[in-house]
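Q: Protein chains in written order, with the numbering used here: chain A, 1 to 247; chain B, 1001 to 1247; chain C, 2001 to 2247; chain D, 3001 to 3247; chain E, 4001 to 4247; chain F, 5001 to 5247.
Read the hints as simulated data drawn from the structure, not as lab findings. Treat the hints with care, as some may be off.
What the hints assert, rightly or not - Quick list of the computed label-pair ranges, beta carbon to beta carbon:
#1 F/Glu5229 / E/Arg4071: 32 to 42 Å
#2 C/Ala2068 / E/Glu4103: 40 to 50 Å
#3 E/Glu4138 / B/Arg1061: 34 to 44 Å
#4 C/Gly2106 / E/Glu4103: 17 to 27 Å
#5 C/Ala2068 / B/Ser1245: 54 to 64 Å
#6 B/Ser1245 / A/Ala87: 19 to 29 Å
#7 D/Glu3067 / A/Glu114: 30 to 40 Å
#8 A/Pro188 / B/Gly1201: 50 to 60 Å
#9 F/Glu5114 / D/Glu3102: 27 to 37 Å
#10 E/Glu4229 / D/Glu3229: 34 to 44 Å
#11 D/Ser3105 / F/Glu5114: 26 to 36 Å
Idealized CB from N, CA, C, for every residue including glycine.
6 protein chains.
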Amino acid sequence: MRRRLELIRVARSMLVISAHAADFVWRASGAVALHTGVGGEAAVVSLSYGERGESGSLWRRPGQTIEAVRRIRREEAEAAASILGAAFIPLDLGDYPLAVDEEASGRLVEIFIETAPDILLIHAPEDPFNPDHPVASEASRRARLLAMGAGGAPAAFPTIPPPMMYAFEPHQPDLCRFEPDTFLDITPVWAVKEKALQAMGAQAFLREHYTERARQRAFQSRYAGAGSEVEYVEAFQRLTPEMRSAL
Amino acid sequence: MRRRLELIRVARSMLVISAHAADFVWRASGAVALHTGVGGEAAVVSLSYGERGESGSLWRRPGQTIEAVRRIRREEAEAAASILGAAFIPLDLGDYPLAVDEEASGRLVEIFIETAPDILLIHAPEDPFNPDHPVASEASRRARLLAMGAGGAPAAFPTIPPPMMYAFEPHQPDLCRFEPDTFLDITPVWAVKEKALQAMGAQAFLREHYTERARQRAFQSRYAGAGSEVEYVEAFQRLTPEMRSAL
Amino acid sequence: MRRRLELIRVARSMLVISAHAADFVWRASGAVALHTGVGGEAAVVSLSYGERGESGSLWRRPGQTIEAVRRIRREEAEAAASILGAAFIPLDLGDYPLAVDEEASGRLVEIFIETAPDILLIHAPEDPFNPDHPVASEASRRARLLAMGAGGAPAAFPTIPPPMMYAFEPHQPDLCRFEPDTFLDITPVWAVKEKALQAMGAQAFLREHYTERARQRAFQSRYAGAGSEVEYVEAFQRLTPEMRSAL
Amino acid sequence: MRRRLELIRVARSMLVISAHAADFVWRASGAVALHTGVGGEAAVVSLSYGERGESGSLWRRPGQTIEAVRRIRREEAEAAASILGAAFIPLDLGDYPLAVDEEASGRLVEIFIETAPDILLIHAPEDPFNPDHPVASEASRRARLLAMGAGGAPAAFPTIPPPMMYAFEPHQPDLCRFEPDTFLDITPVWAVKEKALQAMGAQAFLREHYTERARQRAFQSRYAGAGSEVEYVEAFQRLTPEMRSAL
Amino acid sequence: MRRRLELIRVARSMLVISAHAADFVWRASGAVALHTGVGGEAAVVSLSYGERGESGSLWRRPGQTIEAVRRIRREEAEAAASILGAAFIPLDLGDYPLAVDEEASGRLVEIFIETAPDILLIHAPEDPFNPDHPVASEASRRARLLAMGAGGAPAAFPTIPPPMMYAFEPHQPDLCRFEPDTFLDITPVWAVKEKALQAMGAQAFLREHYTERARQRAFQSRYAGAGSEVEYVEAFQRLTPEMRSAL
Amino acid sequence: MRRRLELIRVARSMLVISAHAADFVWRASGAVALHTGVGGEAAVVSLSYGERGESGSLWRRPGQTIEAVRRIRREEAEAAASILGAAFIPLDLGDYPLAVDEEASGRLVEIFIETAPDILLIHAPEDPFNPDHPVASEASRRARLLAMGAGGAPAAFPTIPPPMMYAFEPHQPDLCRFEPDTFLDITPVWAVKEKALQAMGAQAFLREHYTERARQRAFQSRYAGAGSEVEYVEAFQRLTPEMRSAL
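In isolation and in its complexed conformation, chain A is listed as follows:
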């Protein structure tokens, strides 16, 4: 299809920051798989395991303990990240509520410095349905700025060039002021995303929900020029301006 941009680029670095262990799998794993599929490096930071508030099926088992849930979630998320070809960096900060103190913030800044990401995927700034997602979003944006310094000039600390930053879509996009402006065709890596979804041990209904979501986004993408060969799409919203050499 002539309308789609054909992007060719050398391998670059991608960083994804997820409030709970599963968030990135539902909503951004296609982007990760596309990126690593062409030789890019990717790392996923999971601020918490979502062990208290988002591990419903595990808590249904009698005698369940927080340690066991944390371990299982870690194993699942590592498996999912591995399927996607991404490193998995858990920070284990706890959930419901998630808090990112100065020490954790410092660790996050270090990860920015170490990975020097070109592409950054984070939670959307607003989510009136989840107490942890905006905290993760704010901490991510702040760490990005601290790792960048004031931009251009030398500083008293190591800095990185500004990563292009996107929000992946919230669970309830139209109640979070999320306005998708970038539709990513993940059809070529759909099989990989499906495996990652399965690795999370997620309830069948959520797998179905996000499979359907990817199809609805593909439907919507026709209005952005996608043809019928586009079957699965992930939606993103740009949070920073993009530098381009062509429109």
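Model the placement of chains B, C, D, E and F on the given structure of chain A, informed by the hints.
A: Frame of chain A, contents of chains B, C, D, E and F only:
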């Protein structure tokens, strides 16, 4: 520079819709030159010549007439478009106020059908300092929709695929709620843009103003990852979602 | 379920204003069926038949004519309205583009006076993907105000009390700044809505699309307190304040 | 009047969270009285007594102490809550500035679990004229989410169904981006509200101010269909979608 | 009071544009009286007499005719303007609906050229409760731009310097996204405003309503530094930037 | 020029709160110089020296230490403030990240009480390119409210009348939702501002950048009525309503 997207694409079609003859030259001619420079086709629709309200230097001449101004403006704009490698389509609808009636709107839809643009550059939706720019913007967006039909399904009239639509920047961006999200490096075609600016016979101070503007945008682009080799930039705001095969 | 409001009211009047003949069926027919199901009166105004831009399947037939399409669409929409227990009032103003001139506007005001609606369902104010929907929305809101007069005081023309006004959801809600704030449980009338959908002779994929939409809205409604017995939901956005005797 | 919704429901639970002891009396006590008047349960949490910044008349007395002010404010607010038929839960967190630390936040979550409110009334998110109101609003919304869990699925902690959440109106609504969308007719309980106002020992001018405010809101309600029998109104803004079985 | 700006200026020109004959009296006559009181010139354009929709008390009289209402409204408005020391320019364009066609727009531009206003007072851009006010606001802003030309440069028509533009407050400010940012102390001319209100022959309840409004705005002004000597205030919202020689 | 407001006032107090030592010099020193030039008192609070993130040229020197940078920045900022006739109050809270804890907040409130400012200049609320500026803005607004009390009534602590509050412009105004609404003609004090810029030892390119910015703002001011004698302008956005005795 690794951070910039490297875009390779086949030649495509670009359409620019300008309220007055000079608007596109100041704010979008770099984008046009980049596009035609790699073999793309481009057409500029000028809804009016700006003969009444935006031809200041011409009206300083004693004995000036509206016909003469219109002719001079047409010649200048044709020359500028020619330098940029773009077709020039004047609709001569009058300015201050510009009005786009149903006949003119129909002509605009025809132009969309004829040019089937992949990229559409229009005025920003708001401009509290200019009576004609929002009229041009609204007419452009409406014609695009009418030329697209309801999207995907057959209709009783010919349709085109949805063009990716950008607003070029207003004269006073921060008073028009214009939020640039796309910085286009026009350094490679700056010499061409300068020639186009000169062709407009514009006052020196406006040429200086927009030269300085392009430098300030380049300065700003460092925060979007541009290096020091980026000297001139045009800023745009996306008005439609973009279909991508990679972030 | 204790959380849901239990509303008991005498039969009232509902008015729905649809740009094209099918719009109200996809997105508001559950609300109409619920309303008429308890004895309320309902009327649907269809500003156009959508004969040019939204009758895709009909235009695939060889030798198709505009008159035939108009007639078929009218019959289908009348059938759908009849299934819902609503009157059908076609204004036949044409589509792509839809225009509501002063005469049509006057007719719309008359319909407001005649039906004196308590509940008004219209298109959302914004829709960057459809040229006719915002025109229909604006015309609807204007006619409502003209029919109301200045509020409270006598006027030189007959007036009605202010109808409570809702927008039904656009085809692409999260790209139209549509923020659903009212989830209507249409599970009890889903069978009726399905029949109305079939009456439109609509393509199978659109029926599936809106069936899935109703299920996704039900899923979303759990966050507004809906239980698992809520299977199908239509989403609306209130455009006027609501007078209440209890929260 | 046929236009008003007639709501009949079983007794439910209402929770009001007030930054200072008097805030809920001025702006939400009518809603509380209506609720308890039909058998509903209500509890008012007062995060502080407003002892430092909002006890003007008390600080005019010579020799006044912070302990005495705190005690008087507590007694007054308890009396007001008692008149309204609501429990009063002071958290005594201090005012100007009010801070809600993790311990206080945990207490607030417990109160949500204990009261399992159907209706939640809180401060509006923005108030550029008061340092404590946005803090109270944010803490209330966060505690609500923490008490809800991720919605639907089991968690490692007890959860409640999502309460319908409203903001009561700020002292200066049109400078706080407060857009009232729900007008509550408190005429039937006006006498109760008047008593509650008097219990606060408030200055005469504030009683007059809010009496006049309730009349102006009633005047405004005519545009939402209220008749002349509606004399006193409290205005609210919905902060969550509402689940309905009829429009 | 030291905090208030002390403005001394030579007499200047003020233009007020009112959709109906009474609008300017309720909401901007204090500003006019202050302006003319120090020697400024003022003109009020009334686009219509409000003869159909806003002359309630007149239409209660049996046998009333549109001509008689128009005449009475004109006389009343002229009397009010005269009390304020302002010229009254009725355009008689009709109301409910008000329409400003190209001829009327041209007349409006001429009035701008003739009066060359320094200060322009118009309706707020949004009013979901009145069909004519946004039409008046849009026509006023457009005429201002047409009279200004492109700003600075000569044009083919006479131009004026840019007037500072304010919106006076709508009837229901907090439902019109009106955010007052300028509080004008009209205490010194309150007696004049009262006379103008009486000249309109307006119903007692509206006079009371706007008297109370002016007192509430004065109350609100304390938060902007007003002392107790400020008893009556009119609120405005700036629609253009202001040029200042001091903050 | 007749159009400009001529303001005459007695000397008043101005407070400027700067996140880093240089911020106020680039963007608000003209306002300070105008204010002190007519006898006003001014104080500049610098929350940090910008020693880590905004002292690029100093960190280029080999063997540089944080103590030395802090000292040099302090001396430069004191010199700049002295040139402007303003007191300089460094709080030395550290930068990248800047944090304002309760103790620092208390100190800030004390400074408000001590200086009782009529005019307050702070950072704009949003800046997606700088981690410290929004922190400084929020801390400034909060301290202002805490110093004001609840407005009008006595409190348990000393209070001040509400200062008029402006945001000075961010480094990248059109990416910070900064909408300038007040253009201040600083031409008369440009020579003073230039000296202050030089005192900061700032890189030549930033001096040039802000000199050009002041010229562009002057250019823009023509649309707000400025004549050609206005050569340098600083732009501000009002954050509080203004009390006026004339428009």
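Q: Each hint should be assessed against the structure and marked as holding or not.
A: For each hint, the structure was consulted:
At about 50 Å, the CB distance of F/Glu5229 to E/Arg4071 disagrees with the hint of 32 to 42 Å. Here the CB-CB span from C/Ala2068 to E/Glu4103 is close to 43 Å, well matched to the stated 40 to 50 Å. Remark: the range hint 34 to 44 Å for E/Glu4138 to B/Arg1061 is upheld by a beta-carbon distance near 35 Å. At roughly 22 Å, the beta-carbon separation of C/Gly2106 and E/Glu4103 lies within the given 17 to 27 Å, and the hint holds.
Take C/Ala2068 and B/Ser1245: their Cβ atoms lie about 42 Å apart, and the range 54 to 64 Å is violated. About 24 Å separates the C-beta atoms of B/Ser1245 and A/Ala87, a value consistent with the hinted range of 19 to 29 Å. Restraint check, D/Glu3067 to A/Glu114: a C-beta distance of roughly 54 Å breaks the suggested window 30 to 40 Å. Evaluation of the 50 to 60 Å hint for A/Pro188 and B/Gly1201 yields a pass: the beta carbon distance comes to about 52 Å.
The hinted range of 27 to 37 Å is satisfied by F/Glu5114 and D/Glu3102, whose Cβ atoms lie roughly 34 Å apart. Our hint of 34 to 44 Å for E/Glu4229 and D/Glu3229 holds, since their Cβ atoms are close to 40 Å apart. Between D/Ser3105 and F/Glu5114 the Cβ separation comes to about 34 Å, which falls inside the hinted range of 26 to 36 Å.
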